[in-house]
Structure formats: C-alpha cells, structure tokens
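2 protein chains.
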Amino acid sequence: MKNTGRIVVAIGGNSLINPGSGRGNRDTHEVARAVCEELAAIADIFGSLVVTHGNGPQVGYELIRNAQADHIIPRDGMDVNVAATQGIIGYLLQQVLGDVLEELGKNIPISSLITQVEVKADDPGFKNPTKPVGPFYTEEEAADRMKSKGWIMKEDAGRGWRRVVPSPIPKKIVELATINSLVEAGQIVICAGGGGVPVVREGKKIRGVAAVIDKDHASALLASKLGAPTFVISTGVPEVYINFGKTDQKALRAVTAKEIKKYMDQGHFAEGSMKPKIKAALGFLEHGGFRVVISSPGNLVSALKGEAGTTITAE
Amino acid sequence: MKNTGRIVVAIGGNSLINPGSGRGNRDTHEVARAVCEELAAIADIFGSLVVTHGNGPQVGYELIRNAQADHIIPRDGMDVNVAATQGIIGYLLQQVLGDVLEELGKNIPISSLITQVEVKADDPGFKNPTKPVGPFYTEEEAADRMKSKGWIMKEDAGRGWRRVVPSPIPKKIVELATINSLVEAGQIVICAGGGGVPVVREGKKIRGVAAVIDKDHASALLASKLGAPTFVISTGVPEVYINFGKTDQKALRAVTAKEIKKYMDQGHFAEGSMKPKIKAALGFLEHGGFRVVISSPGNLVSALKGEAGTTITAE
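Residue numbers (this note's numbering), protein chains in the order written: chain A, 6 to 320; chain B, 6 to 320.
If you are wondering where the hints come from, they were derived from the structure by calculation, not from laboratory data. Relax, there's no trap hidden among the hints.
Dumping the calculated PhoX-like pairs for lysine-lysine here, alpha-carbon to alpha-carbon at most 25 Å: (1) B:111 x A:177; (2) A:230 x A:125; (3) B:125 x A:111.
Looking at chain A on its own, in the form it has when it is part of the complex (with noise of 0.2 Å):
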C-alpha cells in the first residue's frame, strides 16, 4: 500500500480534547495520542499527509475566555479566536505526532499553518446564521447582548440561549501554494483547522468574518484543490449507517456516491451530523475524488484497507 497518493485526513475537534483538563496538559495529549498513532501509520503508508481538524469545543473556551475578560481588555473577534484554536490545536499535534514518529525512528517533518479560508460576501449563510457557538445564555442575558453586540441568538431546546453565527461554504484555500509545496516535499502539513479562518475578499483586501465554516466541505476542498485521490473523515462512529438507531441499522462498508446519495434523500443521515459529512464527501467526488474513507479514531488505518469503516467512491 506504498505510494498511493496524497491523502488528506479531517480529524473531529471532539477527539482532541479532554474536557476535564486544560488543552496542554499530559492527558490531553493522552487523548491526542491515539489519533496521532493512525495518523503517523498513514503518513508512513502514503509517503505524505495533510491533516485538518474542528475545533467546536476548543474554539467555545476562546468565546467563554474572551467574554470572561471583557471588562478588561478588548474582544478578539471570531476570526481571530479560530486562528487562536488553530494555533493550540496545531500545537498539540504536531507535538504529539512529532513523539509518535520519533519513537518509530521515522524523520518526517512536521508543520502546523494558519489557514484562511476565502468565502463569498454574498453567501446566503449571511443572511440565515445557523451554527451555535460558544457558551449558553440566560434569556434575559441574551436579549442584552442581541441588543448590545447585535449577536443573533436562538433558544436551543431547553438548555438556553447561543449566539448562531453564518456557516458560509469555502470557495479558496488562502494558503494553498504552500500546503502543496510542503506535500510535494513528503511533509506533514496540519491545516485549514476549524474549517479554516473565515475571510471574504473586498477589491485587493482580505478581511475576516464572524462565521465557522464546516471543517469537512473545507477540507474537501483542500483535499480537491491538492488532486488528492483519498480524503478521509474522522468522526465519532466506525461507520457510516442507515437506518441508524433503529432496530434495522445497517452499516454500510463499501458504496458509490450514486448509492449514498440515495439514503441521503431519503432522510437517513442527520442534520448538523453525519448529513454535512456526506455533502462534503459527494463534493469531493464530484470534483474528480477517488475515494472518501469514513470511520472513527482507532478504525482508520483498517478502513483505508477496506477492512472497517464506510468507503464511498465515485462510481
């Protein structure tokens, strides 16, 4: 299985993070450790890897650090507070996949870049924010910062009110020159975490934007843009199902995107879930992708063998 091309891997922010413990410390690497082992597997398999991640739980503490300390010194804004994730995150991985690789003798080099990812201004996720971020409000607390930060707000059932922000769908990888130059040097790149920091371009300049785009249609994107021929997703179950939950839940091991896309219609995958995944998925195969690999840490290694996980290819 040597030489199979570049492959891009998007990793879930939820498998990254101990929620008991801040995010440098020894059993966050712990937590890291176990991705971090497929991955340096994958990057000896395929002669080059470029790793993407979320950042949902990571980019929440920001928006509760940033509120904490507001009366002190100013608010970054959103773009700023996913560079921060990508940063800390980007730290973290590279620290640890640098352990893995080193304790198997492997030297492959290692590098973690901020990543900006281009969307348009006149993107309809502008005018209809959807995805819930940071902490949770009282009611009077939120019509306090709708009025006084313009935030939109929405009650999620039962549990309080948060901000929604736009979830525009990404058109350009900034830094795309230097993501292929490193790959072409059998580098291991992570990048574009978080979906990338949200920019749109205004005549010469780009500008950030308070919004999260969905870290698996960046990646696609990437992994699309570098002619990577494998795209894997990292999510929290082995498999991608049908009729999930239910008594006749099925997984499904091998199909084409004609085949999913299928299910998709009729209603199988969840929204804000394993939908977006699949959306992502068809996309890249869309765009001349080979094969999209979808399955949970542990299983990855296994599912690019086609002996675990959900793989979909193009026909």
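We have chain A; now place chain B onto it with these hints.
Chain B in isolation, oriented as in the chain A frame:
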C-alpha cells in the same frame, strides 16, 4: 540589491498591537500595515523572507483571559498560550502582508508556522525565573497564587506583583526543516513567534514548559541555522545609541562586533531592553552571520541600504 541571500527579520510584539482594540479589528490592521509594507519591500528585494515576532502584550492578554475564565474552564499551560499567540499574530501578519503584496501585484505565498523551540531541561534559567509575564496583582493576590499555584512572583517597583517565568536559552528550532523548504521555494514564512513555544526533550518525547524564550535570541539561532547572511531586528528606536538618553547620546551607524561588544561591556545598553538584542546579534555574528541591522518600523529598508539604523558586521 536583488538576490542578496536569505534574510530573517524579527518584529517587536509592541508594533503589532493597538492597545485600544481587539487584535482582529481594523485599527490593529492599520498598526500592522506599516510593518507589512516594509516586509513586502524586503521580500521583493531578497526573493524570500523569514519573519519572526514578539508576543509580549499578546501573551499578556492570553494570561488575563485564562485567569478570568478559570472558574468555568481549565487554564491552558503557558506553552499553549504562546501557541495561541502564534496563531493570532501569524494570522494578522499573513493577512495584512498578503493585502500589501496583492496591491503591489506580487504573488509570493505566505505562511505562518506554529514553531516549537527546544531548550535544555537543565538550563540555569529554570532555577532563576526572571521574565515578568501577565497581569499585575496586589501583594495579597500574589501571596495566594504563590501558595495555590506554585508561581514565583516578584514585586515590580510600585506597580504591583507579577509572575516571573524562566527565560532559557534556545537550542534547536524543531520545525527548521519545514521553514528551510519554504525559504528554498522563495516563499515568505512567519515563524518562531514569541521566541517559539518553549519545549524540552524527555527521551523520545518533547514537552512544553512554562517559560518565555527571548525572541531575538530564538530569531538569531534560526537565522544561523538557515544560513542567512542578514538578520534584522525591528525595535522601538531607529538606531542603537551610546550614552542613550544623555546629552552626549550618539547613534551608531556602522560598527563591528568587537566595537559594540566593548560598548556593551562599558554598560551602554540597558538590561531587558537593548542589551539582549546586542547579545543576540553577537551570537549570530559569532556563528557565521554577515551582518545584523537594528532599526525601527519605517526605517528598515533604508537601514538595509546602510542609510539608517545600525549595522553590525562580524569584522
């Protein structure tokens, strides 16, 4: 002045922040723009560019935010705080520098790399922390933190108590191979922010430590290891002076390492201010560097031509 070899430019953290605003806001962009216009000109002249930067005020913000939120979510280690500032400042620099290059019609890829810098676990700095970080505390608050968190704290003449952390000597740039690849490809690399995330080696693992590496020393090490003939330190004063602040103050335009070392030994350069910069410059020149240029934003291009600033040469 085309193709004059590799160049490393170290930017002060104070020239990348507007104390009145969040760091992602427009007025922070305006502050950074002055620096980035010069960096673009330098990249165009030299064909590639490595930018390093300080993070003093920014890491102070991170420490305040972590402290304010620690009743809700766990604090990150100081290594993680430095990584966050590399994300935040790297994003700002790559965005604004990208705007400037776009306006000039120059297409040079830019990236910001999360950078770990290895220090020795037995560095004497760990036994004698001297670098003040983060907010000021009252004597009572300081006593509480020294007891509950094991911090070492010192009184700062009349302004209150601050935590002090070790400032160990940088020994190895962990991500050197990647930085080298990108420089070789003629790109602009932003790295080693805040002197790098301080790490120590423990057998086959590396681990973050609560310390701050002097950014000029880390930048000098990086410049040496990249084989750059030229190392630029951008700071708050346009030139290095002898008898600074006195009636016979005199700017140094061109000096040798030997001459400036004599001035240093005579006590002309302030501890914690110009002296560490001169020491970093001397280290770079002793390890094969050709020249160090010290000047302030707005004067860097002139200084590289010998028309402003202070140029120190090996002989």
